[in-house]
Amino acid sequence: MAGGGATGGSVQTDTYAGARGWLLLPAWVTLGILTLAPLAIMLVYSFLTKEFRGGVIWEFSLDAYDQFFFDRGLFGDAPPQIEWTYIGIFWRSIWQAGLATLLSLLIGFPTAYFIATRPEKQRALWVFLVTIPYWVNLLIRTVSMKFLLRDQGPLNEGLMALGVISEPLTIVNTNLAVQLGLFYSYLPFMVLPIYAAVERYNFALSEAAADLYAPRWTILRRILIPAVKPGILAGCILVFVPSLGSFLAPDLLGGARNFMIGSLIEEQFKGNAGNWPFGAAASMILLTMVLILLIVSARQSQKEAR
Amino acid sequence: MKRSLKATVAAAALGLTASAAAAEGKLVIYHWFEYIPQELLDRFSQENDVEIVMDTYDSNESLLATLKAGAIGTYDVAVPGDYMVQIMAGEGLLDEIAEGELANKGNIAPEWADPSFDPGRKHSIPYQWGSTSFAVNRDMYEGDINTTDILFNPPEELSGKINMLDSQGEVLAMAALHMGIPQCSTDRDQLRALNDMLQNAKVHWASFNSDTAKEVLVSGDAAVGQIYDGFAAKAREEGANTDYAFPTQGYVVWMDNVVLLKDAPNRENALKFMDFLLEPENIAAVTNYARYNAGVTGAAEFVDPALAEQPESNPPAEAGEPVFIQVCDRETQEVYDQIWTNLKK
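Protein chains in written order, with this note's numbering: chain A, 1 to 306; chain B, 1001 to 1345.
For the record, the hints were derived by calculation from the structure and aren't laboratory data. Predicted model only: the values in this text are computed from it and were never measured.
Some, not all, of what chain B presents toward chain A, calculated at C-beta under 7 Å: (1) ARG1330; (2) GLN1338; (3) LYS1344.
Using N, Cα and C, we set each Cβ at its ideal position, and we do this for glycine too.
Looking at chain B on its own, in the form it has when it is part of the complex (with noise of 0.2 Å):
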């Protein structure tokens, strides 16, 4: 939950109490909640003889404003989301990782090795990715689930059954997938009907939820939720009958991402972490505990099977193009950010 999460990990295991006492060093995380598995966390614990402090956060903004309030200079790695290193690169809170710096840097699958949030890697690895649409409950719905229509124009048996992500990202991100035009549009007449759009398609939408996103489809509150696909399928493990959709006109993909904050107080363990992370077992243990995917080469071996062939993972061939959140300059911004203030007024 929002703000309940916020918990101080103290990652000595039970039997270490006295060894981490006395550790060498000291490692200070700021995590999303529920994100990496406690063992993994042991483990570079001891293998470093390292004492591991967590602090965990619920969305990037919050991320974002912890740090420019002052937190700068307390952490040593966060892990922000594409858009946002892109941002916290642009405001100058990330530290750059010299070359050679990293042993294993080697082992960043190609694909992720110079994404446009982060050219070069400079500042950051890959942690997860996976993407976010939404999920359809099927006893509900038994049409064509694959369209942005499902969630912007929904057929009458899901009006007033909808949960979106409280997230302006994700939300008017969709909504400019929907209305095929650009995500930082500056045209104003485009502007105009995608306020429209949304003033319009909110009276279909019972909700605005990120944390719960998976319990009000597992609870059956929610017959159509905006949602991330690990979450997707936690949720029809657990006994939603809910299929996750691939829209034609597109969806989002995200990618989170370890990065090295300026001023880091422990920076030579900062770099160790990054390290162990890009060891393919490593990620991998992530990978099974996030249901998500890792970046790095060599991880599919040590991924649970299952995980693979998961229809959350898998887009059929007719699924429109995955698209990353686009961060927009000053000006534009402010006109999202007014678009969203009218959506939620």
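Chain A on its own, in the form it takes in the complex (with noise of 0.2 Å):
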């Protein structure tokens, strides 16, 4: 609040006026430090030449960008081509990030919604109940995904107990528990903001639609969903997001079998190829995704806000 308080603000703003700028300090010191200086050094690195196993030489080359758009051959002297290889990639982990999110949407609006028309005080345990299983380690969270979804796992023998299905279904190593294993690892980040909207909702104007004879399926759709979109549109992106960079669940239940995004840049790195300029590159590239992701939400909440 810089320019202080609606009332009476001014007499505030003096008490600070000469230490604001060291009162911002440490923030600003955070942020150089832990969010732009590592940037800083990522978008370097990007355009450096790599050093064969790992680091970099210090002379400008556009060869990680180079690597990522164009194909040149199993022995890189055929004639440029569309790389389609990384752009694959990161189809793939958008699209898995996106079913993930969709999953979450579908799920978690509903229980956003339960919770948030709970008498007050029970709204507290309700919240408290989502969140339990998050204060075990996302690690462990996913390997017992696993065990659940495994083909002699109890989800697979509870079916086949009651004689839903004769062979045990498939799941893990496939797309599907990939999707569910972020699906379960994401799903408060969608609950919550939900759940924050849907409190400060006012019923009284679903009441007053109904009063006016509009259908409840047109009250969720242009009543309710338009006044909590705001945290809707915030659920979805903190689902998504964390779930473009994952490599747990591809790496545990997906089998690793195909890369993604987070896990081709940590071969960059961590793995045999050591290109750390790509692998900076790659990391340019998504974040760069995820910023036009971000601005155009903005500018849309924007628009609806005016």
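Can you join these two chains into the complex? Each is in its own frame, and there are hints to help.
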């Protein structure tokens, strides 16, 4: 609140007037050291020449970006064509993250609505219950998910005992397992912002619409959803963005048969390839994509606010 | 697990905390996860009045990446595999051990005293050695398993139930053996054929995973798993009905080595630690823990007798040649990187 509050702000502003720059210093230092400096290093590295077996040579080069977009064949001397490999990997990651987000929304929205419509005293308890599984480390939860979904796991055995299926469904090491894993990992990030939005929603509006003979579906579509849209948007971003770069779920549940963005980048630093500029370039391209997404959605909500 | 195992171990036993704080010196180890018994570290710490700090890594490549990213000068010793010793020496990351600096150097078993990856043992001493091949679940398949076809051209009942190590070196070395071509081949036809063969083989593979290579065999999720011999023995002991294969086409052999890192802050203690690990009794304790083999003369008498008899340590007469993973030059390596990316894209 740089300009002080709406009422009586001038007195407070004066209190800190001389020190304001200094008070912001910790925030700027933290941002600078923890966010901007690493980003700057990444950006610079993506334009350097790769050193064999990891590391960089301090010479400007566009090789990393060239490798991302152009295919020169197995031996690197064929005429350049458009490289679909990495675009394919990015597309697969976006698709997986998108489906996981959709799944989270379908389950998360009713859940949030349910919690927000409980008596006020109970809500804290419900929110608490949603967060309990997340006290456990993500790795443990992902491995547990694998045990649940296995061919001889409880899910398959339960379904077989009920006679729903006669052969176990193969879920582990498929894309479905990855989507389920991502969905489960990030569900609270969908539930909590929507809950916050629905809780603030004035239910008198729904009643008014009902009094005017609006069917339930119309109330949901034309009144409730537009009103809580910022919460839905925030939830989608909070689920989509970490899903996009995740590598635990693809590795453990998907069987790591195909690179995702996260594992592709990891391979450049920790794998045999040791191609740091390429890893940095792939990260920058990912970052740019996410930034564009955030800017577009911010523009969208600004437009609607007007 | 890959990203969770980075644990720092302050190796002072409970009762020794007070004295450890006042320990004479320090030793900073960079080691694989779950690869050294705590009692052994405690013993060294006590005998030499040295405080031990240990960080862990999960692959040779991540060891190299960490050191190159600036950790050199932090650690005294590390434990790279054979080909990585050669790479690290080439990168100038290793210090030289002068003649006479190691009192127990003569304990190194003769067959490991002058290996191709570190001629004359200038930078390293043996830690453990073993092989990498694959294990097959005998409830699922009863036929002959001593062929690389099991991995790359499997019988129908094993298709779709194969776990491969998520490691370029191990997979491509095994593939080269399967095709009977040299590991760092530069012949374009051979490389194209290798690329095609792997694309076709991948259809039969369920997953790439190194960390859970043992677990998927024990749980039955995989019927075939590319795996290290010690891990295969542990899987069998944990109830998997598996046999470890020694393919007639050959299999991979490896040795992990303790190296003296360049700019080691506690060089004296590092040398003491290497001498300590060259004592037959001490290195045998590692063998008993990790289920691999020591490379030190006289260690055998301290090793659990069951280990010498386990099938994973005894290749049959018709087994193929064991080979080390080779280090390719830059240009060749780039083609292999491309083949690996094609495989996993």
